[in-house]
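Student: Chains A and B, in that order, give the protein sequences. Using the working numbering, you'd call the opening residue of the first sequence number 1 and step up by one each time. Using the working numbering, you'd call the opening residue of the second sequence number 1 and step up by one each time.
Take the hints with a grain of salt, since some may be wrong.
[What the hints assert, rightly or not] Here are the simulated lysine-lysine pairs, DSSO-like style, with alpha carbons at most 30 Å apart:
1. B:Lys-324 / A:Lys-211
2. B:Lys-554 / A:Lys-221
3. A:Lys-17 / B:Lys-449
4. B:Lys-423 / B:Lys-485
5. B:Lys-485 / B:Lys-449
6. B:Lys-157 / A:Lys-121
7. B:Lys-485 / B:Lys-372
8. A:Lys-225 / A:Lys-112
9. B:Lys-113 / B:Lys-372
10. B:Lys-503 / A:Lys-2
11. A:Lys-221 / A:Lys-112
12. A:Lys-211 / B:Lys-113
13. A:Lys-17 / B:Lys-174
14. B:Lys-423 / A:Lys-225
15. B:Lys-423 / B:Lys-174
[As the list claims (entries may be wrong)] One side of the interface only, derived from the structure: several residues of chain B facing chain A at Cβ under 8 Å:
16. Gln-152
17. Glu-186
18. Ser-267
19. Asp-268
20. Asn-269
21. Arg-271
If you are wondering where the hints come from, they were derived from the structure by calculation, not from laboratory data. Where is the CB? At the ideal position from N, CA and C, for every residue including glycine.
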Amino acid sequence: MKLKIYRYNPSQDQKPKMQEFDLGETAPGMMLLEALLQCKNSDESLSFRRSCGEGVCGSDAMNINGRNGLACITSVADLKQPIVIRPLPGRPVIRDLIVDLSGFYQQYRTVKPYLVYNDPKPEVEILQSPEDRDELDGLYECILCACCSTACPSFWWNPDKFLGPAALLQAWRFIADTRDQATEERLASLDGPYRMFRCHTIMNCVEVCPKGLNPTSAIGKIRQKMLKQSL
Amino acid sequence: MTIPKRQFDTLIIGAGGGGLRAALQLAQADASVAVVSKVFPTRSHTVAAQGGVNAALANVTEDNWHWHMFDTVKGSDYLGDQDSIEYMCRAASRVVYELEHFGVPFSRLDTGKIYQRAFGGQSQNFGGAQATRTCAAADRTGHAILHSLYQQNIRAKTHFFDEYFAIDLISDDKGFILGALVMEIETGEPLLIEAKSTLIATGGAGQLYRTTTNALINTGDGMAMTLRAGIPLQDMEFFQFHPTGIAGRGMLITEGVRGEGGFLVNSDNERFMERYAPNAKDLASRDIVSRAIAIEVREGRGCGPDKDHVLLKIDHLGADVIKKRLPGIRQSSITFVKIDPIYDPIPVYPTAHYTMGGIPTNRYGQIVVPEKESPEVPIPGLYAAGECACVSVHGANRLGGNSLLDILVFGRAAANHIIGYLKENRYHRPLSQESVDKAMQRLTRWDDKSPGESVDEIKNELKKVMEDHCSVFRDKQVLKDGIDKVNVLSDRLTDARLTDHSKIFNTARVEALELENLMDIAKATVVSAHAREESRGAHSRVDFTERDDVHWLKHSLYYLDGQLEYKPVRTKPLTVDTFPPKPRVY
Ligand SMILES: Cc1cc2nc3c(=O)[nH]c(=O)nc-3n(C[C@H](O)[C@H](O)[C@H](O)COP(=O)(O)OP(=O)(O)OC[C@H]3O[C@@H](n4cnc5c(N)ncnc54)[C@H](O)[C@@H]3O)c2cc1C
Ligand code: SF4
Ligand code: SF4
Ligand code: FES
Chain A
1 MKLKIYRYNP SQDQKPKMQE FDLGETAPGM MLLEALLQCK NSDESLSFRR SCGEGVCGSD
61 AMNINGRNGL ACITSVADLK QPIVIRPLPG RPVIRDLIVD LSGFYQQYRT VKPYLVYNDP
121 KPEVEILQSP EDRDELDGLY ECILCACCST ACPSFWWNPD KFLGPAALLQ AWRFIADTRD
181 QATEERLASL DGPYRMFRCH TIMNCVEVCP KGLNPTSAIG KIRQKMLKQS L
Chain B
1 MTIPKRQFDT LIIGAGGGGL RAALQLAQAD ASVAVVSKVF PTRSHTVAAQ GGVNAALANV
61 TEDNWHWHMF DTVKGSDYLG DQDSIEYMCR AASRVVYELE HFGVPFSRLD TGKIYQRAFG
121 GQSQNFGGAQ ATRTCAAADR TGHAILHSLY QQNIRAKTHF FDEYFAIDLI SDDKGFILGA
181 LVMEIETGEP LLIEAKSTLI ATGGAGQLYR TTTNALINTG DGMAMTLRAG IPLQDMEFFQ
241 FHPTGIAGRG MLITEGVRGE GGFLVNSDNE RFMERYAPNA KDLASRDIVS RAIAIEVREG
301 RGCGPDKDHV LLKIDHLGAD VIKKRLPGIR QSSITFVKID PIYDPIPVYP TAHYTMGGIP
361 TNRYGQIVVP EKESPEVPIP GLYAAGECAC VSVHGANRLG GNSLLDILVF GRAAANHIIG
421 YLKENRYHRP LSQESVDKAM QRLTRWDDKS PGESVDEIKN ELKKVMEDHC SVFRDKQVLK
481 DGIDKVNVLS DRLTDARLTD HSKIFNTARV EALELENLMD IAKATVVSAH AREESRGAHS
541 RVDFTERDDV HWLKHSLYYL DGQLEYKPVR TKPLTVDTFP PKPRVY
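Produce the entire structure from the sequences given, and follow the hints as far as they go.
Tutor: What follows is the structure in structure tokens.
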């Protein structure tokens with residue numbers, strides 16, 4: 001199996017280069033993360049983030065043959081060779097496949113991603129019907145991997161002003177939660193030409209989300225809700 | 001070289017569920033808290049927990065904390081400390097309701113209450129009918145909890161040091177722990193974090209084994225740091241093998257699958273757990289189910305071409321239940337073995353899962369060590385909580401759903417104790433330069449450019465040695481050989497070198513530091529296992545097949561120099577009667 005991997009260490013390299021690795025015959029059912037670990041075994045300077053190995057921690061998002069995804073749940077058998085691996089696009093590269101996600105996290109913080117409940121808390125759980133709880137499916141599962149936002153053209157062009165699909169999905173996650181009591185503030189803070197309205201429903205985000213989530217639809221729902229409120 | 005310094009009231013090392021629950025409690029009490037984590041907080045391994053967290057809410061079946069306590073003591077094979085267990089089981093409902101108020105999207109019952117499912121080792125009425133005690137958010141409970149806790153910490157304005165690696169604890173001349181030396185991974189630069197109190201919440205050491213449900217970051221760093229500070233580790237011989245890891249791969253298939261009605265079969269298509277645990281069957285305690293699977297395979301009733309695993313059947317639950325309650329494990333099974341459990345059974349085998357042992361603490365999260373007058377003297381200002389700690393609520397075998405509970409209850413309890421401690425200890429003490437220098441040496445040792453063996457090779461061998469010598473079944477000779485082999489690897493590690501000496505995001509250097517930690521934990525584990533000549537919970541000796549309460553109803557304490565000591569189990573609960581040891585049948 002052959003891979004071509006983006007390499008760049010700012011303290012040593014003038015500019016990035018692509019390094020080739022040949023792993024020979026590989027075990028059936030191998031995931032890309034295992035292949036990368038083998039590459040690292042032969043060249044320990046190759047750097048990438050990883051942890052859980054099963055698609056739940058969101059560490060190893062990268063650009064795989066031109067498409068963002070998680071290495072640990074991408075089967076190498078399904079990939080055209082040589083497998084070309086680059087860091088997530090549109091973010092400053094710290095080293096090799098590691099990008100600076102601080103802006104991405106800042107956008108997440110901007111939407112106040114936490115449940116706001118102002119009434120005195122009951123001694124037991126706040127009740128929620130199974131149907132109301134179903135509204136959170138497809139939202140709460142986000143692992144903050146950044147595959148979506150770094151695939152979004154509006155985000156590339158306006159990274160400071162447009163919140164990007166991941167943050168907006170979380171904004172909707174709390175608006176959609178029947179327990180949350182800050183809907184109006186949340187909607188007000190998303191108004192204006194940029195923060196949300198830069199989304200041109202290009203759907204790149206939906207296409208790449210490794211968890212099968214749909215930020216575009218969440219953005220649509222926020223818009224609908226705003227419209228209803230303004231009527 | 002002067003190392004930059006930051007000062008906080010409290011340093012928390014670890015941003016998993018334990019660390020974040022503690023941080024939230026402290027931040028809400030207006031203490032200045034620094035949380036250091038080697039990965040961005042939501043990437044901590046708590047995120048992987050699937051099945052749920054135990055609390056006797058009685059939303060589905062009648063239940064109360066005392067029954068939960070009984071199950072936990074029995075599950076621990078009577079090695080659990082009954083004061084801590086009573087404390088945990090009493091606190092459970094409150095802690096889960098708090099989580100719900102923090103925003104955790106628990107699944108719901110038609111009544112609107114939190115959904116609960118059955119898990120192994122749970123009973124009503126002290127050993128009666130199956131209880132339904134595990135509170136769940138589908139099969140992504142850990143994800144739901146970790147994200148909600150992180151979110152509330154954002155709200156509480158906790159200081160986060162994301163992608164900082166803690167190297168070692170720092171003390172003053174008198175031996176008080178006053179924070180830690182950490183390294184910013186992105187720049188490779190050291191930083192001293194000074195604190196009046198320090199909480200270690202670094203999680204488990206599942207990377208000890210080759211096939212494991214644990215993330216690559218679970219390398220027991222905090223336990224090793226504590227060992228190096230002269231503190232012993234408790235009960236390290238007790239390592240849990242989860243019955244149902246995906247065979248050969250290790251990804252976990254939650255016990256919740258069996259709680260929802262799934263069961264195990266061997267190559268004769270026999271539901272073999274009925275033979276080993278006539279009442280609880282597939283929901284017997286984990287140690288028992290794991291041993292049963294290992295025996296089935298050993299006696300030739302394994303499945304597949306190599307007859308090396310058994311099958312977990314759930315197709316009879318129907319597509320709706322599987323999609324609604326178990327979507328995550330269905331996805332894992334499809335991704336990793338291309339099997340859709342709606343139609344076909346999942347191949348499973350016991351897989352390294354959970355570190356029952358760890359840093360000895362009392363129920364306030366204070367780290368305790370033996371001194372002349374008492375086996376458990378608290379070290380001022382130093383705390384541990386979560387999987388790295390040993391309170392001990394799990395004793396020789398942890399019940400499913402009790403770890404998330406443990407990390408939350410004792411993360412919170414430690415924070416509450418710290419709040420009191422800070423009132424009485426208002427000022428920072430001067431650090432000892434010697435202790436800083438010693439910690440720095442751990443880092444600079446890897447700058448040595450002379451030739452030497454690579455780290456990766458040694459790590460792979462270590463994991464293989466542990467798997468071959470310290471697994472589900474153990475005996476004297478196998479363990480003795482294990483000790484010898486680990487010692488050889490440990491010597492080799494002192495001569496290992498890096499080829500990459502760059503500073504920026506040098507993951508090879510982080511892995512080298514992690515392997516040093518793992519090596520100390522491996523020694524603690526095999527040495528403690530070799531010494532314990534009985535079978536109890538997860539520690540199953542072929543040469544000593546019975547539990548021996550006369551000689552071995554005691555906790556082991558392993559010191560860095562390889563010495564072992566023992567201390568009594570706290571068998572007296574807080575208010576109720578002791579549960580005396582009884583034969584354990586399920
Ligand atoms: C796959 C799986 C499923 C599970 N399912 C369940 C379940 O359903 N129910 C249940 O009760 N239990 C379950 N468990 C067990 C439970 O999830 C864990 O025991 C628990 O989450 C551990 O939490 P923690 O806070 O102690 O540690 P972790 O969540 O592991 O966090 C450790 C933290 O320490 C940090 N850290 C470690 N070393 C360093 C260092 N040197 N420097 C800086 N930071 C460091 C890490 O970055 C991380 O933030 C499961 C475990 C696994 C592996
Ligand atoms: S749909 Fe909107 S958010 Fe998604 S990629 Fe397109 S512009 Fe970005
Ligand atoms: S929405 Fe999907 S792609 Fe985007 S951060 Fe969340 S999990 Fe990743
Ligand atoms: S390593 Fe956790 S998502 Fe891939």
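Student: Are there hints from earlier that the structure breaks, and if so, what are their numbers?
Tutor: 2, 4, 7, 9, 13, 14, 18, 19, 20, 21
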